[in-house]
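Per my numbering, the very first residue in the sequence shown carries number 1; after that it's consecutive.
Think of the hints as simulated: they come from the structure by calculation, not from any bench.
Take these hints with a grain of salt, some might be off.
Beta-carbon label-pair distances, calculated as ranges [claimed, not checked]:
no.: 1; residue 1: E144; residue 2: L40; range: 29 to 35 Å
no.: 2; residue 1: D110; residue 2: H173; range: 20 to 26 Å
no.: 3; residue 1: L40; residue 2: V126; range: 18 to 24 Å
Beta carbons are placed, not taken as given, at the ideal position from N, Cα and C, and that holds for glycine.
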Amino acid sequence: MTVSATSDRDLAEPARPRHIDLRRGGRAAGGSYLYEGEGLITGWHFHDVHQIEYALHGVVEVETESAHYLLPPQQAAWIPAGLHHQAVMNPDVKTIAVMFDPQLIRDGGDRARIIAVSPLIREMMVYALRWSIERAGCADDEPESDSFFRTLANLVVEALDHEAPLSLPTTDHPIVAAALAYTKEHLDSVTSEEVSRAVAV
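Start from the sequences, fold in the hints, and give me the full structure.
Shown next, in the form of structure tokens:
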């Protein structure tokens, strides 16, 4: 089998990543979003809130301009506000995203990171589902939710201090990109000889 030597990054990447307003005009300090269902490629985008993405089951991939991340069990991706990225939700995935206003985590950094999700963080992320990121931010329970998200933000900051350097390489070079794509599609049995044949080198 031969695969195209054209980088697949160009297929999904628009000229300019689009801004997604996850709060839909609201001003909530924190909130969550549950995704479950069919496969999805978000396309390249960014948002004005920090995000932590955690797959309860299934596989989520997060790609930035400099790295590609697969979220293994018990790991989450930290995506700081303003970072251009795209996510690939594989079929039958169930994932929780928790978002934080940058005021809750003032130094979110400028790159994605993988962090270990302790049982406490996991349960707090699940509990956070009671507060959608799209809510208006003026409900009677806002003091409670603000306190909750401040506490979760503090735990996330602590976890960021112990990030796991887990990422896959990315490239703009067409032959190397084709080799990476072929390898990813055949992880269970690929050999270097097969990759060389597939990309015709």
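Structure-based check of all given hints:
Checked against the hint of 29 to 35 Å, the pair E144 and L40 passes, with Cβ atoms roughly 32 Å apart. For D110 and H173, the Cβ-Cβ distance of about 24 Å falls inside the hinted range of 20 to 26 Å, so the restraint holds. For L40 and V126, the Cβ-Cβ distance of about 21 Å falls inside the hinted range of 18 to 24 Å, so the restraint holds.
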